[in-house]
Amino acid sequence: MSEASETSDVNHASDVNDASEELEIDLPEEIDVDNPVWPYLRKDRIPHIWCPGCGIGTTVNCFARALTDSEIDLDRVAIVSGIGCTGRVAGYLNLDSFHTTHGRAIPFATGLKLANPRLKVVVYSGDGDLFAIGGNHFVHAARRNMDLLVICVNNFTYGMTGGQMGPTTPVGAVQSTMPYGNFETPFNLPFLADACGAVYVARWTVYNVRQLGRAMKEGLEKRGFVFIEALAPCPTLYSRRNKLGDGVDQLKYYKANSVVKNGADTKEVGLSFQGEISVGKFVDRERPTWLEAMDAHYAQVFAGEYVPHGGLHGED
Amino acid sequence: MQADPKGVLTGAHFLDGDQAACEGALAAGCRFVAGYPITPSTEVVERFAARIPLVGGVFIQMEDEIASSIAIQGAVWAGQKAMTVTSGPGLSLMMEHVGFAAMTETLCVFVDVQRAGPSTGLPTLPGQGDMMQVKWGSHGDYEPIALVPSSPQECFDLMIRAFNLAETFRAPVFFMMDEVVGHMTERVVIPGASAIEVAERRLTRKKPGEYRPFEANGDLVPDMVRSGEGYRIHVTGLTHDERGYRAMTAAAHGRLVERLSNKVRANRDRLVDVREDGVDGADVVVVSYGITSRVAARAVAEARERGVRAGHLRLVIAWPFPARRVREIAARAKAFVVPELNLGQMALEVERAAGGRAVVVPVPHAGGTVHEPAAILEKILEAKG
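Protein chains in written order, with the working numbering: chain Y, 1 to 316; chain F, 1 to 385.
Read the hints as simulated data drawn from the structure, not as lab findings. The reader is advised that the hints may include incorrect statements.
[Claimed, not checked] List of simulated lysine to aspartate or glutamate pairs, EDC-like, C-alpha gap at most 16 Å: (1) 6/F with 305/Y; (2) 222/Y with 292/Y; (3) 207/F with 286/Y; (4) 206/F with 242/F; (5) 222/Y with 286/Y; (6) 217/Y with 292/Y.
[Said to hold, decoys possible] Stretch by stretch, here's where chain F covers chain Y in the computed footprint (C-beta under 8 Å, at least three residues): (7) 83-94; (8) 113-126; (9) 135-142.
Yeah, the Cβ is synthetic: ideal placement off N, Cα and C, and Gly gets one too.
Put together the whole structure using the sequences plus the hints.
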C-alpha cells in the first residue's frame with residue numbers, strides 16, 4: 001500500500017524529481033575535492049529527491065561526519081530504511097543498504113544484526129515509518145536492547161505522500177488529513193524510547209549539526225539500542241501548510257527556541273507547535289544487549305555444551 | 001554439499017509433523033528462525049528454540065508475524081538460511097513480506113501449518129484453505145514454490161528440499177502443512193548427515209565494483225553476497241535495475257518482474273513433483289495433497305474393489321502446478337475428483353489444466369476435520385458415469 005501511494009501521489013514535488021533521476025547529470029569535478037561527504041555517497045544516485053530546504057540531507061552530512069570521526073570500517077556498516085522521504089537515505093549512502101517495507105526497518109535490521117553480529121546496523125527512517133506503522137517494532141527492539149543505532153528524522157509529517165498528520169504532528173498543526181488543525185496527542189519520542197529501555201537517547205535539530213554529528217558518532221560506538229531524534233524541516237508540506245516560511249525560517253526557529261538540557265527527565269521534553277525544543281543527550285546507560293543476554297544465559301544453563309552464536313564469522 | 005552433522009538428529013524417531021519439520025530445517029542448515037506463537041504451528045518453533053543452543057544459531061520470538069517475516073530476510077542477507085513458521089492468520093499478516101522476498105530475491109522458507117479459516121476460524125482443527133493465498137496473496141505478479149507434505153516423514157524430507165529450492169531459485173518457498181499432518185505422530189527416520197544433500201548459497205566470485213546483485217545468470221537467478229563483505233549492495237522493494245537501484249520505468253519493471261516469474265516458469269518441469277498410483281489407464285483420477293491424500297488413498301482402494309478403474313495423483317509440490325501432466329491425463333480419463341479441505345481451490349487449477357477434456361468434480365469440505373473416505377468414494381462412483 002505504501003509504495004502504491006508513494007508513486008501515485010502526483011501532486012508531490014519528489015515525483016517530479018523521480019523522473020529527473022533517470023537523466024544523466026554532469027557533476028562538477030570539484031565536488032570530489034571539496035565535499036567531505038562525497039566519498040560516503042553513491043555518486044550515480046545524485047541528485048537526490050529531497051526538496052530545497054529539507055533537513056534530511058543535513059542529517060546525512062552529520063552521519064557521514066560521524067562515520068569519519070568514529071573511524072569505523074565502512075564494510076561492516078549496514079544501513080536499513082523503511083519507506084518515505086527519510087527511507088531514501090539508504091539508497092544514497094555508499095554502504096550495504098536495505099530499503100525495506102513501510103515500518104519494518106527495525107525487524108529487518110534485527111535479523112541482519114543477529115545473523116552477523118560483527119555488523120554495525122543502523123536504522124535510518126522517518127517519524128511516520130518508525131512510530132506509526134512501525135511503532136510496535138520500535139517498542140520491542142528497545143525492550144530487548146537489540147544492538148541497533150536508530151536515527152529518526154522527525155519532520156512532523158508524511159512528506160512522501162503529501163503532508164498527512166502523523167504520530168509526531170504537534171497539536172494545532174494543519175495537515176492534509178487534519179485540515180482544521182491536529183487534535184491528536186503526539187508521541188514524546190525520547191520519553192517513549194527511555195521508557196522502553198533504550199540505552200542512549202538524544203535529540204538535536206538540524207541546526208545543531210555538530211551536536212547531532214557527535215551524537216551519531218557516540219551512537220555508532222555504543223553497544224545496545226541507541227535512539228537519536230533529529231528534528232528537520234519539511235518546507236514543502238509542513239512549513240508551507242502552516243505558514244511557517246521556508247527551510248531557513250524553520251532553522252531560525254530551531255536556533256531561537258532550542259534549549260540544551262542534557263540529562264533531562266524525558267517526561268519533560270515533549271514538543272508543542274512552534275514551542276520550546278529541549279535538545280541534548282537525555283539517556284546514556286549500560287544494559288546487556290539481547291545477544292549478550294542470550295549468550296550469558298545459555299552459557300550458564302548448558303555450560304560446556306552451549307554452542308555460542310557468533311554468526312557466520314565465528315566469535316569475533 | 002553434505003549436511004552439517006551438528007544439526008542432524010540421525011536415527012529412527014517417533015515425531016509429529018511439526019517436530020519433524022523442525023528437524024528437517026536444522027538438517028538443511030537453517031540456523032535462524034523468527035516466529036510468533038500460533039496454533040497449530042507453534043511446536044515447530046518450540047522445538048527449534050529448545051534445540052538451537054546446542055546446534056549454534058538464533059531463535060527469536062518476534063512481536064508479530066509481520067516482524068518475523070522480515071527479520072528472516074535480514075538474516076538471509078547476512079548469509080544465513082532462515083525460516084518463519086505460522087498458520088493462516090499469521091500468513092495473512094506476512095503477505096507484504098512474501099512480495100518483498102520475491103521482489104528482492106531473498107530466499108527464505110515460510111512454513112504454514114494450515115487451520116480452517118477465514119479469520120480466526122478453527123485454530124486447532126485442519127484446513128487447506130491457504131493454497132490460493134500463497135499463489136496470489138501478495139500484490140503483483142510472482143511465482144511461488146510450495147511443497148505439500150502428507151506425513152511426518154515427508155515433513156522432514158521435504159523441508160530439506162524446501163531449503164534447497166529456496167537456495168537454487170533465490171525465491172520464497174512455502175511449506176504447506178495442515179493441522180493433522182502437523183500433529184500426527186509417526187515413525188520418522190533421519191539419515192546420517194553424509195546422506196543428506198544440502199544446497200550451498202551461490203555466492204558471487206566477482207569482486208566488489210564488478211558484482212551486480214540483480215544481474216541474472218543463464219538460469220535467470222543472480223548470485224548473492226553477504227552483507228559486511230565490502231560489496232556495498234543496495235536492496236529495495238522498489239522496481240530496480242541490475243545494480244539494485246530504483247528504476248521507475250515500465251520497461252525496467254517488465255524486465256524485472258518477468259524474470260522473477262520466468263525463473264520458476266522456465267523450470268516448471270524440473271520443479272513439478274507428483275506421486276502417481278494407477279493413473280495411466282484410469283477412468284477416474286483423484287487429485288489430492290497433504291492429509292487429504294491419505295484419506296483419498298482409501299477411497300481409491302475402495303473404488304477399485306468395486307471395479308472402478310481409479311487412479312490417484314498426489315501433489316508433492318503444489319506450486320508450480322503440474323498442469324502438463326493433468327492435461328495429458330485429461331486426454332484419456334473421464335474425470336478428475338478433487339477432495340480438499342476448502343471449498344474448491346486446487347480444483348480450479350485442475351479444471352484449468354484439464355481444459356474441458358475431462359470432467360472435474362470437486363469434493364469440497366470447509367475444514368475442521370478430514371473427509372470421510374465415503375464422501376470421496378461417492379464422487380468417484382458418480383464421476384465414472
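Evaluation of the provided hints:
no.	hint	result
1	6/F with 305/Y	holds (12 Å)
2	222/Y with 292/Y	holds (14 Å)
3	207/F with 286/Y	violated (39 Å)
4	206/F with 242/F	holds (14 Å)
5	222/Y with 286/Y	holds (9 Å)
6	217/Y with 292/Y	violated (22 Å)
7	83-94	holds (count 3)
8	113-126	holds (count 6)
9	135-142	holds (count 4)
In this structure, the earlier hints numbered 3, 6 are contradicted, and the remaining ones agree with it.
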